[in-house]
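Here the protein sequences come in this chain order: A and B.
Residue numbers for the first sequence follow my numbering, beginning at 1 and rising by one.
Residue numbers for the second sequence follow my numbering, beginning at 1 and rising by one.
Any given hint could be a false lead.
Said to hold, decoys possible - Think about it this way: if two alpha-carbon atoms lie no more than 25 Å apart in a straight line, the pair counts; the simulated BS3-like pairs of lysine-lysine are:
{"#": "1", "chain 1": "A", "residue 1": "K130", "chain 2": "B", "residue 2": "K39"}
{"#": "2", "chain 1": "B", "residue 1": "K39", "chain 2": "A", "residue 2": "K117"}
{"#": "3", "chain 1": "A", "residue 1": "K113", "chain 2": "A", "residue 2": "K134"}
{"#": "4", "chain 1": "A", "residue 1": "K170", "chain 2": "A", "residue 2": "K134"}
{"#": "5", "chain 1": "A", "residue 1": "K130", "chain 2": "A", "residue 2": "K113"}
{"#": "6", "chain 1": "A", "residue 1": "K255", "chain 2": "A", "residue 2": "K304"}
{"#": "7", "chain 1": "A", "residue 1": "K117", "chain 2": "A", "residue 2": "K130"}
{"#": "8", "chain 1": "A", "residue 1": "K113", "chain 2": "B", "residue 2": "K39"}
{"#": "9", "chain 1": "A", "residue 1": "K117", "chain 2": "A", "residue 2": "K134"}
{"#": "10", "chain 1": "A", "residue 1": "K134", "chain 2": "B", "residue 2": "K105"}
{"#": "11", "chain 1": "A", "residue 1": "K170", "chain 2": "A", "residue 2": "K130"}
{"#": "12", "chain 1": "B", "residue 1": "K39", "chain 2": "A", "residue 2": "K134"}
{"#": "13", "chain 1": "B", "residue 1": "K185", "chain 2": "B", "residue 2": "K105"}
{"#": "14", "chain 1": "A", "residue 1": "K255", "chain 2": "A", "residue 2": "K170"}
{"#": "15", "chain 1": "B", "residue 1": "K105", "chain 2": "B", "residue 2": "K39"}
{"#": "16", "chain 1": "B", "residue 1": "K185", "chain 2": "A", "residue 2": "K134"}
{"#": "17", "chain 1": "B", "residue 1": "K39", "chain 2": "B", "residue 2": "K185"}
What the hints assert, rightly or not - One-sided excerpt, in silico: chain A residues whose CB lies under 8 Å from chain B:
{"#": "18", "residue": "D73"}
{"#": "19", "residue": "I79"}
{"#": "20", "residue": "G83"}
{"#": "21", "residue": "V88"}
{"#": "22", "residue": "T132"}
{"#": "23", "residue": "A148"}
{"#": "24", "residue": "D245"}
I should point out that these hints are in silico values taken from the structure, not numbers from a laboratory.
All values reported here derive from a predicted model rather than from experimental measurement.
Note that beta-carbon positions come from the ideal geometry of N, C-alpha and C, so glycine has one too.
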Amino acid sequence: MSTAFQAEGLVKRFGDFTALHGVDLAAEEGTVLGVLGPNGAGKTTAVRVLSTLLRPDGGTVTVAGNDVVRHPDRVRRAIGLTGQFASVDDDLTGMENLTLIGRLLDLRGGEIKSRAKRLLADFDLTEAAKRTVKTYSGGMRRRLDLAASLMGRPRIVFLDEPTTGLDPAKREELWGVVRRLVNDGTTVLLTTQYLEEADALADAISVIDHGRVIAHGTPAELKRIVGGQSIVVRPSDPADLDRVDRILSEFTGRKPESPQRGVLAVPADGDLVFTAVVSELALAGIGVTELSLQLPDLDDVFFKLTGHTTSNDNEKAEVPA
Amino acid sequence: MTAVLTEPSTTVDAIASAAKRPFALARHSLALAWRNLVKTMRNPEQLLDVTLQPIIFTAMFGFLLGGALAGDTAAYLQTLVPALAVMLTLFASIQSGVNFSSDLKTGLFDRFRSMPIGRSAPLIGAVLGDGIRYVVTIVVLIGFSSILGFRIETDPLSALAGCLLAIGLGFALSWVFLLLGAVMKEPGSVQGVAFIVIFPLTFGTNMLTPVDTMPGWLQAWMNVNPAVHAMDAARGLMIGGPVAGPVTATLLWTAGIIAVFAPLAVRAYRRRT
Numbered sequence: 001m002s003t004a005f006q007a008e009g010l011v012k013r014f015g016d017f018t019a020l021h022g023v024d025l026a027a028e029e030g031t032v033l034g035v036l037g038p039n040g041a042g043k044t045t046a047v048r049v050l051s052t053l054l055r056p057d058g059g060t061v062t063v064a065g066n067d068v069v070r071h072p073d074r075v076r077r078a079i080g081l082t083g084q085f086a087s088v089d090d091d092l093t094g095m096e097n098l099t100l101i102g103r104l105l106d107l108r109g110g111e112i113k114s115r116a117k118r119l120l121a122d123f124d125l126t127e128a129a130k131r132t133v134k135t136y137s138g139g140m141r142r143r144l145d146l147a148a149s150l151m152g153r154p155r156i157v158f159l160d161e162p163t164t165g166l167d168p169a170k171r172e173e174l175w176g177v178v179r180r181l182v183n184d185g186t187t188v189l190l191t192t193q194y195l196e197e198a199d200a201l202a203d204a205i206s207v208i209d210h211g212r213v214i215a216h217g218t219p220a221e222l223k224r225i226v227g228g229q230s231i232v233v234r235p236s237d238p239a240d241l242d243r244v245d246r247i248l249s250e251f252t253g254r255k256p257e258s259p260q261r262g263v264l265a266v267p268a269d270g271d272l273v274f275t276a277v278v279s280e281l282a283l284a285g286i287g288v289t290e291l292s293l294q295l296p297d298l299d300d301v302f303f304k305l306t307g308h309t310t311s312n313d314n315e316k317a318e319v320p321a
Numbered sequence: 001m002t003a004v005l006t007e008p009s010t011t012v013d014a015i016a017s018a019a020k021r022p023f024a025l026a027r028h029s030l031a032l033a034w035r036n037l038v039k040t041m042r043n044p045e046q047l048l049d050v051t052l053q054p055i056i057f058t059a060m061f062g063f064l065l066g067g068a069l070a071g072d073t074a075a076y077l078q079t080l081v082p083a084l085a086v087m088l089t090l091f092a093s094i095q096s097g098v099n100f101s102s103d104l105k106t107g108l109f110d111r112f113r114s115m116p117i118g119r120s121a122p123l124i125g126a127v128l129g130d131g132i133r134y135v136v137t138i139v140v141l142i143g144f145s146s147i148l149g150f151r152i153e154t155d156p157l158s159a160l161a162g163c164l165l166a167i168g169l170g171f172a173l174s175w176v177f178l179l180l181g182a183v184m185k186e187p188g189s190v191q192g193v194a195f196i197v198i199f200p201l202t203f204g205t206n207m208l209t210p211v212d213t214m215p216g217w218l219q220a221w222m223n224v225n226p227a228v229h230a231m232d233a234a235r236g237l238m239i240g241g242p243v244a245g246p247v248t249a250t251l252l253w254t255a256g257i258i259a260v261f262a263p264l265a266v267r268a269y270r271r272r273t
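Only chain B is shown next, with the shape it has when bound in the complex (with noise of 0.2 Å):
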């Protein structure tokens, strides 16, 4: 014990200095989301709604509408599963607010407060760490569908690019969700609030049936929702199709959730005691 606290204490100027270097917020935030990762692999059932929603999804959507709607359930998937990739990847945004309003609480956010680190470095680090939620839920998806029949008709980069679309929305979800975890006290009503919002966000588009036989206001809504954006420009990158427009719309949704929602969630976690 004396030995080691009596050493030169040189450490806080190293400190000091080392805080200087470049990409402090990065360096802190990627050790904070290894932290998210790690915990979430040591706590495996956290990743069991992003495994069995897709299953539950495609098998439910596909078999109670795929004949109806495009005659047989093979078919469908191929509308329904590059769609089902993005409103997939948003649910599963919802819980990087629910894990950050319960995280507020401990006193381990305490010691990263007093600690000199960016103030953004904790909400960075839970945006990335659930970034494993995402890639499980659209690799369940793809796997499962494809036992039921759906195929991707580009290549495997436009497939990729289009997942990473739908990831990258998901992100910029998520600060949203991190606003309402810094704001709410209890994370049980940070998933209540989330679910007002994802639902006509991702159940309000032309996921599951063609816009034609919707009413007009809520084509309108259609033409501004960011999911439907993503959701086409996946299907453009999956199946075929158009693909500049959507995806250049869904990169500026992603960008502007982001520059809004990133610095009130920033501010709303300083703020909060």
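Next up, chain A with everything else stripped away, as it sits in the complex (with noise of 0.2 Å):
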């Protein structure tokens, strides 16, 4: 394997506010690198510099092996960007704005026509392709956003936020397409407020915070900075709540908690307790529907690392306008 993009120490200024404080970011080829904050953390700074759009003030910055200040065009020749506000245009129709992309990119012109309609097609836009861009739903503009950024078959695919403002099952749609590109060894950088989008799609996650990587691991890593697995146990009979309330009592130390009906969990220590409680409860002869060892989810590593949960509304009231 070897390093896709790589930034070392990256500093961004504007004036005298600095974005980015000697920021770390990496990602080996066909890995997705999350890199997690709230708004106002410096992530799309990062992006704009990783693509190009930005020049850094400090720090050394490569992507595809060529250093972003020195050869700006190589690496623009294996990136694709699909930047937090929709990259599209609203007057074209989707077929033509992939059709620009392509002569931008001197593709040729048979291959254009192929290579957009297929893109279409995989993002189930056939339909919608001789529409103007203005008719589209948010999902759809997402979608040809990026079809927009894989015209050229970037090796490297940088996604500012592609997710924000999207429902549910958009989102998942969206974290499919990141899938499949990268089981075909694309490489992608993927910024996010979604502590959950990250731990779906991402390999390793670099979490960042007023301009600074605060922690980089992978997600389980991340998750056992803070500690506390919690073992949650539902008993087939609703009956025996009681005894397992007992035995997780007697093994973990503590006082289980039932956070849904019919449900009990605990915080466990070390990495035996969970395989004794599951003993005990064969021993007693209690059958369970639910029995897992959870790791606490990103949310919590985010509070812990920072000290304020990722919900910005809080900072918002905070800083000055």
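Two chains, two separate frames, one set of hints: put the complex together.
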């Protein structure tokens, strides 16, 4: 494996404001790097530097083996960018948008047509191909946007908050697209405010806040930082809840809670507690319909790392406009 | 999906070599000009100003001033219309800067910037794509003024050359407005500042009245004003009179404005983040 892109000590200033204070980001070829952080953390700025839209003020940034400052054109040939704001033309049809991109990429006429048709089909836009983008729904627009980024078969795709504003079903659809891209060897950098999204897609996650990477690791590693796995048990017979409660208390030393009716959950320290609980339940002859060791979700991770949650409503109120 | 993505990825190399094909800048600029043209055709109200302005100005100046200055409207139109062709083309060029300014706010231009195309291609595309506006305004002008009695006194080819000269100056001036568009954040302020540029240029001329009665400083301005040269040239080519001098001056001004403002506009566009 080799490195698809790498930023080391990346600094970007806008006047007096330092948006990125020495950020390190990297991804191996064919993997997904999730860049996770709230609004204003610097995610978009980092993507704009990696995609040659902004010049870095410090550090080195290499994409597809080329320095973004010295050889921006070589970088541009290797990347596809889907920005936070739909980067397609409202007045053109879906087909025309892809045709324009194909012509700008110097694809041959026949290839433009066949590739555009296939991408439109793959993104479920064939019927809308001849309609102006103005008439598209938010989800269709995002799909077209992504299709446009893929016209030149880029090796590296930057997706800046690709699912912001999409409903959950459309979000899942887009996730499917990202997974297929990666299966085919494309490297993806995905910025997101959704912890669930980074967890679902990323091989590695860099958590970014106020222009700094505050944590990096696999989703599982990040969850481990917070510790506190939970054992969750749902006995098949609700009458067994009391006995389950006693067993869980005994092995974990904590009082279980009931997150849902008929379910008990308790934090567990150490790797042996879960297996001990399982055998004890077996000895007691208690059947279960659900039994799991759950890692905390990434919201907990973020809170632990930053001291604030990912929802930026509070932050907005504090920052003077 | 899977099929299309797993095709042999020779395309990256193909793109790399294709970009070295000659005339890449011209091809990319034309592709972007095509985009501008399609956008204009889909929003015909964008052509409303260039359609109505020739009618309003011809009627207004012709009926208001014609009798007093030339005895009757038709006689006045002979000198007015060629000059109006220049004024209206220069008016029409403002919109290039306004559209460019609003385009820059969209994510689409981020995409263009992240692609391996010449930095000047989006600007050349914007300038060329608005050529349709000049054509519309001149066609309506000639058509409407002919109804009121305007007649070309030379020959069609010379008249066409006069129109092309005006359009050329319009293209040149649109680079000034692209520069404004790249520097200013609001399309509305581009329009405001553009009119401050365009009024002395178009009205500080001999378009409406002879220069004899004007103060010396104004006559001095007219000697350098490119619009005056273009209006003189258009009159020469449409109704007869001296041609060589004013045409040369207009062409030199056209080339000079492009030589100065095109690089400035491209630089401002590149610096804009």
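Checking one constraint from the list: CA of A:K113 to CA of A:K134, max 25 Å. Satisfied? Distance ~22 Å between A:K113 and A:K134 Cα, so the pair holds.
Hinted contact A:D245 with chain B - closest CB pair below 8 Å: Given a least distance of 49 Å, the restraint on A:D245 is violated.
Assess, step by step, whether the Cα of B:K39 is no farther than 25 Å from the Cα of A:K134, and give holds or violated. Holds. B:K39 to A:K134 sits at ~12 Å (cutoff 25 Å).
Below or equal to 25 Å on CA atoms is what counts here, so check A:K255 against A:K304. This hinted pair holds, its Cα atoms lying about 23 Å apart.
Just to be careful, I want the Cα atoms of A:K170 and A:K130 compared with a cutoff of 25 Å; is the pair within it? holds, 22 Å
Quick one, is the A:I79 hint okay against chain B at 8 Å, beta carbons? holds, 7 Å
Does the closest beta carbon of chain B sit nearer than 8 Å to the beta carbon of A:G83? holds, 4 Å
Is the hinted pair B:K185 and B:K105 satisfied, with a Cα-Cα distance of at most 25 Å? Holds: B:K185 and B:K105 sit about 8 Å apart, inside 25 Å.
Restraint check for A:K117 with A:K130, where alpha carbons must lie at most 25 Å apart: holds, 11 Å
Is A:K117 within 25 Å of A:K134, Cα to Cα? holds, 20 Å
Per-residue hint verdict: A:V88, partner chain B, C-beta under 8 Å: holds, 6 Å
Is the hinted pair A:K130 and A:K113 satisfied, with a Cα-Cα distance of at most 25 Å? Distance of about 13 Å is within 25 Å: holds.
Hints 14, 24, counting from the list given before, are not met by this structure.
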